[in-house]
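Take the two lone chains, each set in its own frame, and fit them into one complex as the hints suggest.
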Amino acid sequence: MPMPVPTPPPLPIPQAPLAPARWRLSSLGFERRVALRFLREGRKQTLLIIVGVAAGVAVVAYISALIAGLQRNTLDKTLGAQAHITISPLDNAVAPPLPAASGTAVLVQTQPRVLSARTLVNWQALLPLLDAMPEVAAASPMVGGAGLALRGQAQRSIALAGVDLDRYDRIVNLRSKVVAGQARLAAGEAIIGRDLASDLGVQVGDRITISTATVATGAAAAVNSDSVRITALVDLGVRELNRRTVLVPLRTAQSLVGLPGGATQIDLTLFDVWQADQLAPAMAQRWQLKVESWQQTNASLVSALNAQSVSTTLIRAVVMVVVVLGIASVLVVSVVQKRREIGILRAMGATQGQVLRVFLLQGAIVGALGSALGVLLAVVLIYLFTTLVRGSDGLPLFAITLAPGLALRIAAVATVCGVLAAVAPARSAAKLDPAQAIRM
Amino acid sequence: MDLTASDLPTPGAAALLLQLRDIRKSYNLGLPNEAEVLHGIDLELAAGEFVALIGPSGSGKSTLLNIIGLLERPTAGSYRLGGQEVVGLNDADTTRLRGRALGFVFQFHHLLPAFTALENVTLPALMREGHVSDAQRKRAKDVLAAVGLQQALDKRPGELSGGMQQRVAIARALVLSPPLVLADEPTGNLDTASSQEVFALMRRMHAELRTSFLIVTHDPRLAGQCDRTVELVDGRVAGDRGR
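Residue numbers (the numbering used here), protein chains in the order written: chain A, 17 to 456; chain B, 6 to 248.
Extracted from the complex, chain B is given alone in its bound form (with noise of 0.2 angstroms):
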């Protein structure tokens, strides 16, 4: 299979982003102590949304969240990314989609601490191309600009503040356009202005680019903020405010 970016809606577009069918998700699958932990999600997402994932502690936020990343592939069940189903796509494939179609914000961990923040930007770049040109380099400038550390490029991780490291992943996750932006707890790390400052980052970004965000958060007054708010509660989707 060969996708290419245009078979993806552009970010602004009401088009459907994704559709998840019945996605149902097991851990040790064939042994005494298997588990589902999702039991048939149904959920889709407009291109441009602006969603919070809430719900208590395992109930399987996270393993939503790394479903539609496609980092884990579900047991059963459908997903359609940008029209295209992705449950069976190979390694190779998948891995390719995942660097073109989504962006990625973590809570730990959220860059490679031996490159400078500059260089953490340009990586999806240096990945995809082998090289960095110009242009995608001046683009990594002006992304991190835009979260406001054009003073910080030369910067190692070790070097910024939480709240900036969080900001250098968003714009990370941002520098090559993907329709849609996945952050888990991308402000459970941090302390109450700085994530209200990420938060507000985000929702800028949201309003400029038109870029969609899926937000796993445990703080109701940041789900609040969101457009809808999708519950899980025990695998199941509980709840579904905003559409």
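Chain A with its partners taken away, still in its complex shape (with noise of 0.2 angstroms):
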């Protein structure tokens, strides 16, 4: 006889049938709350991947911002004390002889010309086309020459610069460099070295005289020299610099060299650095001059960030491969694991596409979760590293941030990994034969 179950009510018969199944791909309700309660039931393992996952992201977060902090630093100081473009002359060439007749063996030998100091033809009326073009920031003018800094019995050899003060100070910053004085350029003024100021012994206020020697052609040597009162001590960065740049107005440069009227150079700075590549071509081919950027001027330093910047990709690269193989294969173990929920999931009418979902989902929850996790931990570690490490001046060695979109970015990419990484555990969970699944 059957035993009676313990008072049970009558269970009420629904007299309409329930709505027909209808496929509604926008709410995933069925898969995100089976693919989260398996997440949560494998706590360990899904702790330990979304840690393994964060990892991977705070990895990729930190280096990508402590590299673009340490080239965005490296460019700063190299590109301020330099101009970004250089329009100088072309440089003097022999003129190839007549053809030789054809049959004629002919041996060329020639030997560059010692040149003088030589003028850009013209200057005065490229200056404001420079300054129309749109890429330009700053143009500035200069007198260049080499010449000798007396004070007394001293005597230093100097890299002589005529400028503009304005203009030239846009193209380096050189009020930001003054360390003594003030930075100004009238007739008779000068602004020097700090190095300099100390080998000659000198300081602001004091006069030195600037000498050099020019050879008009067909003329003999003529030695010229002016003197001049220091107005400011400047930093350039670099000792050689400090030891050997005198600032000059243009005017004196000229008569110093020899070049009435004349420029040597043209310095451009660019609003973005990187076009100067692209710019300095199209301008030597538009005024047949020598046009020189940033990068021809700094090729080891430009290969040096280049392959700073493939080493980062390719860390990034085999970081993200790794998230990718550690997600797989804590959900290929979950999939094993989890045979019979799925077949008891198939045998009651979910779709292969359900079961694929609930997978695909996991790894898009622990890729996103992760990421989260990762930009945090990657911000602390920033935090960490702009107050732990400082220079020996006690300042931070240079600004890192992490840019919000490149978080986002990196967050983006993980969650898709995250995905990707579940594609295959997720087939082979929708593939799995039902029957066989309950049977094991």
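No lab work stands behind these hints, which were simulated from the structure alone.
C-beta atoms are modelled at their ideal positions from N, C-alpha and C, and glycine is treated no differently.
Hints should not be assumed to be uniformly reliable.
Stated by the list, open to error - Cβ-Cβ distance ranges computed for the label pairs, FRET-style: (1) A/P420 to B/F113: 46 to 54 angstroms; (2) B/D96 to A/R88: 50 to 58 angstroms; (3) A/I331 to B/D139: 46 to 54 angstroms; (4) B/S83 to A/A428: 28 to 36 angstroms; (5) A/A440 to B/R161: 28 to 36 angstroms; (6) A/G369 to B/R161: 41 to 49 angstroms; (7) A/Q353 to B/S83: 34 to 42 angstroms.
Written out as structure tokens, the structure is:
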């Protein structure tokens, strides 16, 4: 005889059949519930893999921020003391001889000619054109030459540069580099490097004599000299520059170098430093002048920066691959562990697509949670770096910040990686034969 | 193809529920160790029947139940469920039909361990609709109350006894009122008292809902309490008593 079930109330029978099955792709209610529950069930595994993803994301974000900061710092330091583009006259070339008659072998040996300082032809007309270019932030003409600085018995060889102070300031930000005195360049005044001042034993307000030797074509060497008063000492960040730099007004330099009304080069600052490479050849073509970008004059720096970028990309890629493999391996194990549950779900009417999405969603959730945690971790690492690692002067070595855009991009990539990592396990789960899965 | 619930006979009507014609099933098809386990099964089930499927181990009971449950495909033959030929349907249609027309009770691993009793019973609705409506939740609670588990709604399967777990599984199989419930050794894992209790519950649900039951069992005493007994021997129907 059947034993009675303890006091069961009568079961109401639904009169109308339940709503027919309908495909709703928008609400992943079932998939979300099951995915979250599966993840919560495998607590330790889930936690481990989220921490793993977080560590990966933190490394990628931290390295990216660090390298970006380092490169920005290097560029600022390098480009802070030099022009982005330098325009100068073409080198003198020896005109080729008339073409020899055919059948004649010609052996040519030319020696580069020794050149005196030469001016940019028509630089006064070129300057407004450069000023008008939208890419150009500042243009500054310069007269450069070699000479000697004399003070009593002391004499030092110098690099003489005649500049328009306001224009030159916009190229190298000279006023911020003044360590003594006030940047001012009226007639008869000069700004000199800090180390040159100590070599000569002079201070702001003292006078020095500058002398240059010029060789006019067909004439004997002439010595020009002028006495200037020092208005400021500057620290250009490089010792050699600090020992040799003497800045004087354009006119003073023109007469000292023997190029009245001339300029030996024009320096340009661009709004976007990376445009220099494309802009320089176009300018050279257009005006038939020698135009050099900072990338050309700092080729080794550029290749170092590129090497850094390449290795950063490599590190990022490797870390992301590790993250993908980590998520994938955990999900593969999870699929094996959950064979029976998958079989039951399939028997109850879960479609292959639903099972597939349950596991893809798990990958996405793990990726997203890990990313969020990883970005937080990176922020902490960056904070520690900027507060704990300091230079000898007690200031942070350089500023590194994690741009929100970069953080979002890294998090998005990691989440997509999570989904990608889940593809193979999800497919194997969806393909499980329900009858077999239940029997096991 | 699009099959709606109205195509299926409603529980209680004495219509033909399913019809198997010359169903054959071979494993390892085309391999040297190919083996036919079902040799042409003919079987009809009317709506509202309570049938035991018995037979010795290896007679093909479970395979036949899996074919009827749309979990396996026959190698040959015809299977009409609610007047509709289901051999040759694609996976998506088969799955949809399975979810709507059939309830399952298994011997082991019946429930999802991560979900509470109530959640296990609302899963079929969640699977179909993407969410659980208040009406569906109430229906699930009613069914759980009907199987005597109103006190255990929020318990996980691990916190329930074997008999209670099986009652949750029966509630889950019945919650969407399918015309047919398939049970594979539903009491095979239970002590005598619990298995009697679970069996009685299925009989009562059958009486109240007129849902058809097809129960695979080893237990001759339980088989004896069914209205009809189909015996399978070596992949053939060897007996059909009580029609």
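Task: Supplied distance hint 46 to 54 angstroms, evaluated on CB atoms of A/P420 and B/F113 - done: Once the Cβ atoms are compared, 52 angstroms apart, the range 46 to 54 angstroms for B/F113 and A/P420 holds.
Task: Cβ separation of A/I331 and B/D139, checked against the hinted range 46 to 54 angstroms - done: For B/D139 against A/I331, whose Cβ atoms are near 53 angstroms apart, the range 46 to 54 angstroms holds.
Task: Range agreement (Cβ of A/A428 with Cβ of B/S83, hint 28 to 36 angstroms) - done: Violated: the Cβ-Cβ distance is about 52 angstroms, outside 28 to 36 angstroms.
Open item on the list: Against the range 41 to 49 angstroms, how does the distance between the Cβ atoms of A/G369 and B/R161 compare: consistent or not?
Closed with: With Cβ atoms ~28 angstroms apart, the hint is violated.
Open item on the list: Quick check: does the Cβ-Cβ distance between A/Q353 and B/S83 fall within 34 to 42 angstroms?
Closed with: Taking Cβ atoms as reference, A/Q353 and B/S83 lie about 38 angstroms apart, which means the hint holds.
Open item on the list: Taking the Cβ atom of B/D96 and the Cβ atom of A/R88, is their distance within the range 50 to 58 angstroms?
Closed with: Taking Cβ atoms as reference, B/D96 and A/R88 lie about 56 angstroms apart, which means the hint holds.
Task: Status of the given 28 to 36 angstroms range, CB of B/R161 versus CB of A/A440 - done: holds (30 angstroms)
Hints 4, 6 from the earlier list are contradicted by this structure; the remaining hints agree with it.
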